[in-house]
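Protein chains: 2
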Amino acid sequence: MLDQIDLNRSTKKRDYKERLPELQQRLYALEQTLLEARIPTLIIFEGWATTAKANAIGVLMRRLDPRGVRVHSITPPRTYEMQYPWLHRFWLKTPSYGQMSIFDRSWYRQVLAQRTHKRLTTAEWHRHCEDIVSFERQLASDGAVLLKFWLHISQQKQRYRLRRLEASRLTAWQVTDDDHWQNRHYRRVSDAIEDLMARTDTPYAPWIVLPATNKRYAHLTILETLINRLDARLGVQTTPYPPSEAPLDSNGFSFRRELMAAQDDAAAHRVKNYALTLPSSASITDATVAQLPSPGILRRVDLTRKLEDKKYERKLVRLQAKLHLLGYQVYQQKRPVVLVFEGWDAAGKGGAIQRITETIDPRSYTVHSISAPTGEDRAHHYLYRFWRRLPERGTIAIFDRSWYGRVLVERIEGFAHTNEWQRAYAEINEFERQLIEFGAIVCKFWLHISPEEQLRRFEERQNVPYKTWKLTEEDWRNREKWDAYEQATDEMLLRTSTPSAPWTIIEAEDKRFARIKVLRTVVKRLEADLGKVKL
Amino acid sequence: MLDQIDLNRSTKKRDYKERLPELQQRLYALEQTLLEARIPTLIIFEGWATTAKANAIGVLMRRLDPRGVRVHSITPPRTYEMQYPWLHRFWLKTPSYGQMSIFDRSWYRQVLAQRTHKRLTTAEWHRHCEDIVSFERQLASDGAVLLKFWLHISQQKQRYRLRRLEASRLTAWQVTDDDHWQNRHYRRVSDAIEDLMARTDTPYAPWIVLPATNKRYAHLTILETLINRLDARLGVQTTPYPPSEAPLDSNGFSFRRELMAAQDDAAAHRVKNYALTLPSSASITDATVAQLPSPGILRRVDLTRKLEDKKYERKLVRLQAKLHLLGYQVYQQKRPVVLVFEGWDAAGKGGAIQRITETIDPRSYTVHSISAPTGEDRAHHYLYRFWRRLPERGTIAIFDRSWYGRVLVERIEGFAHTNEWQRAYAEINEFERQLIEFGAIVCKFWLHISPEEQLRRFEERQNVPYKTWKLTEEDWRNREKWDAYEQATDEMLLRTSTPSAPWTIIEAEDKRFARIKVLRTVVKRLEADLGKVKL
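Protein chains in written order, with my numbering: chain V, 1 to 535; chain P, 1 to 535.
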């Protein structure tokens, strides 16, 4: 999903000059407060070569009292540092209570380098990730604030910057062989980063992927994110949460459950989407969730993509035939398959699913339409109902909406407390990891349309008699929260896309294009795991 | 450490009959409350064959409303269950909110069996343990109470029971080949269990090792432990904690830190043990910490063991000569060594350490005397100062008191909040695991004496002029908390002893015996890892 991030964001010089001093002043004030509260902070900068991490750190430090902050530049370990367990040198660099430590590269550097250069076995890689999670958890349990920035640019941009640096004798020395190696193996490194992030992204030490094409934008966003995070840690909240109407117990979980229990069973079948039964007053505003910078993934989706009728028919026939054969291979090779469909209301999930199901043996698949949990499901952990619905070996489970409801509708509508949906990213990653380790093939689709297209489809549904049932009042209400959903979706795509369980964004403005892309993706993925099929 | 548990505990029939109905009644009342509070409970019974887990479950269930509780008997997975990821069948058995699930064997059964039968690689074993931790954490985060009982008996007792069962035609069918296999490989299984427990023992899903020789004792203890735990979850606390004089912030960590910051630096050098600077009013009473049944390890130590002068001299010379050679091997083979000494005041830690240090090259070891943290150490995570003091490859670090202060003195004296010392067991296990994976050799000693012997030694120190400095007022005060320390030590020994970082209890009533046993243990352990040395 890293390749989908909007890297074109930028800030104008004038805005930058105006906002920067204000943010730096604010951070200075926070530095004093943290010192008094004896809260240690760790700010980690990782990222592609040529993203000028040192510059960003400079901007961060400018106004700070140097007595409260320390910068650690992490290079590969020295000989004497290799005399100790690998995290030893990082433990020594943890800040004192009240101090701030800024890491220019960190404990991630070496692990990532060793992994991409294939000097770590998979088991070692996993163990190192576990070590990191344990390290960060121990610090966070002790009261530390941790923030991990990944400064992100495209392969092209990196290549351009490397060339520009080399063009001048003043800067050519900065470029190393390793930088070139990284640029040539951009894809491989990118995959490793995605896997690393999914394994080490936690509510207490989140990863923030930062578009770093424009330095001004990156600098301001770093400052804003850091300030937001520290404010939250100190209990300063700009927007009140949870809403006062909805009391929470100290663990935060009775809230959702009470609400769900209060739901009238008779009314349950009326609502299409269970989140919508919550009083709208309790919904979270856009401002509350905008704690992390939006990666801008959806905004960049090219919605002009189309497919002509004729081409569509030809491709459809061919892909469906392949899928038919692959369905048999799924059965033969006893592999479970999980297909997840998420997307906007009226984005065409149903149609896309139908193009899959109509071509495979009906005994080999189940479609699960996920709406309000009822009965048993409502009385269990939110993942329980998906564990129950897992496909057995050799079969295909298709989820029309899924466990991702936790970080979409439940987040937006306040069904899940902030703690709950924030921890859900890690829980979902663990869940899918277990599926994959068992041998499952997992594809996840986000069907994307514009708000205008949605409106057009809603109106069509309203006017065409046999489509009316598809449209509810809640759909209209949902539309009003488009921005909040967009932010939540962006974050979800970024935090839960892994090389072995990737998200595919489907440009669904044109239904034909969408259906073909879904089919093509499924076929490609099945072929990669089960072997190519010939028509 | 499992082999050190007091398995002779028993309850008299009369007491049993008196207490049982009362506890069952109490549990019945709790069942109703849990239902109303919608808190799910998972009670897991694992243990040696012939410990009659079904009986224990029967006693637990007797008075419960059957609508609120379900028993799951876990057998090896059926063919259809193997069509899904391995935890699938356990997810399906998780209780609804407010329900109680009792597991007769559980997700641990198969992992343990596969490991002891060597059908799991080390990497797979670790991954399964991670899966379990993730599973239990997800349930606990969702509000569930988890309790894991290990019913424990000795190898002899098990063999006796197997024979007795086989002697009668009515019961012979109960004995399986696997039971005999387990009895024959008692040591191997025991090691696997210790490793498993260290990896899966968490504050939210603790292991409780239960002496199960006497069924009445086991039954009452199960009921008591369960009731205590549920009371705590429901916020019913029999003894108030934290003490009202010591306010805690919501995260519990400002407490310790404030106290430490408040410590007068000038006074710091006066106190031998930093915990003692806390006002005694804030100390925890015996009743508060007695939440888990005491494993009674220390009570069973044979303090009559002695060594004659002559024998002592002969053994000392021989062991020290070996250790001298092994010290050189440590350097040659570039292995780091960690020796931890814990024990009662005046138990003879200093003397034992001296017998080691006087025989090895002074350049190859460092002795760290751990008392009140000062300066930097006081301003960091409690493990920071031990990370700083790790031995480099090829050297030996000897800790006279150690990170275990967290679960001993800091626990007893209230320096660490309950959350903090409870999570410390897992943190310490993670810490030592990282040392061992790096290649370190770890030995941990608890030097044990009787309170009477301690008194004798204290008085000697008081009366012999050149020993007076060794005795402080705090030592006397410490004596008064003997029972609480004993309970904390027992729990520490049980929760942090692993096959690769085991605790050795030293019978230290006789100093000569103690010193020889320490030396012999170190020599044996070094020889196992570095190869035998010849004199």
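In short, the hints are calculated from the structure, not lab data. Errors might be hidden in some of the hints.
Since the list can't tell identical chains apart, any single copy or any two copies may satisfy a pair.
Calculated cross-link-like contacts (lysine-lysine; reagent style DSSO-like; alpha-carbon spacing at most 27 Å) [claimed, not checked]:
id	residue 1	residue 2
1	K534	K524
2	K17	K215
3	K315	K524
4	K118	K334
5	K118	K311
6	K157	K532
7	K93	K334
Hint by hint, here is what the structure shows:
1. For the identical chains of this complex, K534 and K524 are intra-copy neighbours only, at 13 Å inside a copy versus 64 Å across copies, given an alpha-carbon limit of 27 Å.
2. Proximity of K17 and K215 under a CA criterion of 27 Å is satisfied intra-copy only: 13 Å inside one chain copy versus 76 Å between copies.
3. Within a single copy, K315 and K524 get their C-alpha atoms as close as 14 Å, which meets the 27 Å cut-off; across copies the closest is 72 Å, which misses it.
4. In this homomeric assembly, K118 and K334 come within 27 Å of each other (Cα to Cα) only across copies, at 26 Å, whereas the closest approach inside a single copy is 31 Å.
5. Taking identical chains as interchangeable, the C-alpha atoms of K118 and K311 are never at most 27 Å apart, the minima being 43 Å within one chain and 57 Å between chains.
6. When the C-alpha separation of K157 and K532 is checked against a cutoff of 27 Å, the pair qualifies neither within a copy, at 35 Å, nor between copies, at 60 Å.
7. Only between protomers do K93 and K334 lie at most 27 Å apart by alpha-carbon distance; the minimum there is 25 Å, versus 50 Å within a single protomer.
Comparing the model with each numbered hint stated earlier shows that hints 5 and 6 do not hold.
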